[in-house]
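Take the given structure of chain A and dock chain B to it, following the hints.
Below, each chain spelled out in residue letters.
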Amino acid sequence: MKTGISAVPPFPITGTDGFVVALDYLSRSADGRGLDALSEIQVCGVPDHDRLRWLAAELPRRLPLLHATLRKNGLFGVPYWECTGEAAAIPIEFHRIAGVEGPEASMIESISTLRRKRMQGRQRTTLGPPHIHLDVVRTSSGTWSILMNWSHLLLDGTGVELLFRHMDELWNEPHAISPVQPVTRNDKPWWRLFQESESCGTHLMNLGAEPFVSASRGKVVSGRRCCLWETFSKEETARIKLTLGKIGGDMMRTFFYAGLAARCHQVVFQSRGNTNLSYAITMPVQQRPKDSAGRTAIFQNHMSMFFYILKDADLTDLAKASKALMRQHMEHLKLKRHLSFNSMQLLTRCMPGKTMLDLVRLAQRGEIASCYHAYTGSFGEGMSSFCGGEILNAIHMPTVNAPPGSGLFVSECQDQLTVTVSYLDTCLSESETELMRERWRSDLLGE
Amino acid sequence: MPAIAISPGTMIELVRETVLPDLPAGFSAEADFFEAGLDSMGVMQLVMYLEERFGKKVDPTELSRANFRSGLAMAALVMGQVAGA
Chain A
1 MKTGISAVPP FPITGTDGFV VALDYLSRSA DGRGLDALSE IQVCGVPDHD RLRWLAAELP
61 RRLPLLHATL RKNGLFGVPY WECTGEAAAI PIEFHRIAGV EGPEASMIES ISTLRRKRMQ
121 GRQRTTLGPP HIHLDVVRTS SGTWSILMNW SHLLLDGTGV ELLFRHMDEL WNEPHAISPV
181 QPVTRNDKPW WRLFQESESC GTHLMNLGAE PFVSASRGKV VSGRRCCLWE TFSKEETARI
241 KLTLGKIGGD MMRTFFYAGL AARCHQVVFQ SRGNTNLSYA ITMPVQQRPK DSAGRTAIFQ
301 NHMSMFFYIL KDADLTDLAK ASKALMRQHM EHLKLKRHLS FNSMQLLTRC MPGKTMLDLV
361 RLAQRGEIAS CYHAYTGSFG EGMSSFCGGE ILNAIHMPTV NAPPGSGLFV SECQDQLTVT
421 VSYLDTCLSE SETELMRERW RSDLLGE
Chain B
448 MPAIAISPGT MIELVRETVL PDLPAGFSAE ADFFEAGLDS MGVMQLVMYL EERFGKKVDP
508 TELSRANFRS GLAMAALVMG QVAGA
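Chains A and B, in that order, are what the protein sequence lines are. Just so you know, we're using my numbering here: the first sequence kicks off at 1 and counts up by one. Just so you know, we're using my numbering here: the second sequence kicks off at 448 and counts up by one.
Some hints here could point you the wrong way.
[Stated by the list, open to error] Here are a few chain B residues that face chain A, going by a calculated C-beta distance under 7 Å:
1) Gln492
2) Pro507
3) Thr508
4) Ser511
5) Arg512
[Claimed, not checked] If you anchor each label on the Cβ, the simulated ranges turn out as follows:
6) A:Arg295 x B:Pro471: 17 to 23 Å
7) B:Glu498 x A:Gln270: 31 to 37 Å
8) A:Arg185 x B:Ala472: 22 to 28 Å
9) B:Ser454 x A:Leu75: 53 to 59 Å
10) A:Asp50 x B:Ala472: 45 to 51 Å
[As the list claims (entries may be wrong)] Think about it this way: if two alpha-carbon atoms lie no more than 25 Å apart in a straight line, the pair counts; the simulated BS3-like pairs of lysine-lysine are:
11) B:Lys504 x A:Lys246
12) B:Lys504 x A:Lys323
13) A:Lys241 x B:Lys504
14) A:Lys246 x A:Lys320
15) B:Lys503 x A:Lys246
16) B:Lys504 x A:Lys320
17) A:Lys334 x B:Lys504
18) A:Lys320 x B:Lys503
19) A:Lys323 x B:Lys503
In short, the hints are calculated from the structure, not lab data. What you are looking at is a predicted structure, and each value in this text was computed from that prediction instead of being measured. All residues carry an ideal CB built from backbone N, CA and C; glycine is no exception.
The following block holds chain A by itself, in its conformation from the complex:
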């Protein structure tokens, strides 16, 4: 295997990365595993092992952050990625499902078994590579899947889609130019960031004034990482778009699905006998930079996070919930809280993860939010093929830490909507996730 030593200067983390580093710390403090996720693309055709191995070796040579280690100098230094490591190939394994003919030596019972295994992540003793692990599975004589295990320290859901997209680009054009990761610069002194953070800080303190709930009840717990997802057919997805179209236009989708996340959690808490509760819903909004050639950044987390409070009375139906979220969103924008939040992220990115979360949880009675939520939109900005085959579907299976212990995520691929609930089995039971599924089917399909 050809390797190389890169001479890339230290690469500072973004403001959003600072918060993710803290959440990764929280996850590791519970059971040693970092905040990892699994993403999968299901493809038509047969996998070309040699070319996939070439991709796994080529990517780290082109994208130095793939073999970087997260470091920090001194208590108040900004953490940075040190890219001096060897550009080793991304680990890649090839399997086939039992009963499917193929050259792969590794035979697995089912792809679900592998997904469950990979979702559990690994014990992290360093914050170095590998940040990604690939599994290629021949699922039938004419289909295969690629599973990417990835660390949230280095990538977010949108970034993973862009990485898949770039893999496909290199597959088709091995000499294509790779995006250059833009460096996050901050020229503002700390006292200016402190001043600008005030509006958001006050808002976050006020969130905790009225207690809200989460599935972990504010406790740091470990558990088996689980996922339940449902992909709607193209016909069902078209029906869902009609249903949502009666509430609002297509730019409202972020609010629909955040409202759905809140309503799906509400049904669980109501089943536990808890009513008249408040829910703190997170809504990440992408703020992704581009390089000088206009190519979107693949790595690092780039979000402004909005936190909204919904009460039971706001959650009587999806229309009411999404309009309540939109109303709060407009208030936030008028007060420029997204800019304040960005300043707060830059200010706190040098803070040790434990200190950052202790402050948040102190202000919010142990909690961070009622649940996680993200809507990633059309997979890979509408990509329809991957490494030589037509894409059948693509799914994200994020993992969550506790608190809050659960999250609801929505994505789209090839005109098929997928709703995923990710949770720790110590925070939600299987029967509770079934309640959630009934709620999303009734909200989206009117069943």
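Just chain B now, with coordinates in the frame of chain A:
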């Protein structure tokens, strides 16, 4: 409410001033804001500015990509000729 003429050009200026400062000179009335970098966050900011400057309250059903795609589409939205959700 100050009287500001509503035209595709006014809308392009609004977008340049508030959410896409790097919008090129000569950006045409039909050119696509989304291809130029407009995202959902930017659209929500535009909703706020349309109300502030033109008194246009955007209804949730009008919050569509089609209505914010270009200067022409936004001007039609403000003048009440919506493209629909």
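Going through the hints against the structure:
no. : hint                            : verdict
1   : Gln492                          : 6 Å, holds
2   : Pro507                          : 3 Å, holds
3   : Thr508                          : 6 Å, holds
4   : Ser511                          : 3 Å, holds
5   : Arg512                          : 5 Å, holds
6   : A:Arg295 x B:Pro471: 17 to 23 Å : 18 Å, holds
7   : B:Glu498 x A:Gln270: 31 to 37 Å : 36 Å, holds
8   : A:Arg185 x B:Ala472: 22 to 28 Å : 26 Å, holds
9   : B:Ser454 x A:Leu75: 53 to 59 Å  : 56 Å, holds
10  : A:Asp50 x B:Ala472: 45 to 51 Å  : 49 Å, holds
11  : B:Lys504 x A:Lys246             : 18 Å, holds
12  : B:Lys504 x A:Lys323             : 14 Å, holds
13  : A:Lys241 x B:Lys504             : 24 Å, holds
14  : A:Lys246 x A:Lys320             : 12 Å, holds
15  : B:Lys503 x A:Lys246             : 21 Å, holds
16  : B:Lys504 x A:Lys320             : 18 Å, holds
17  : A:Lys334 x B:Lys504             : 15 Å, holds
18  : A:Lys320 x B:Lys503             : 22 Å, holds
19  : A:Lys323 x B:Lys503             : 18 Å, holds
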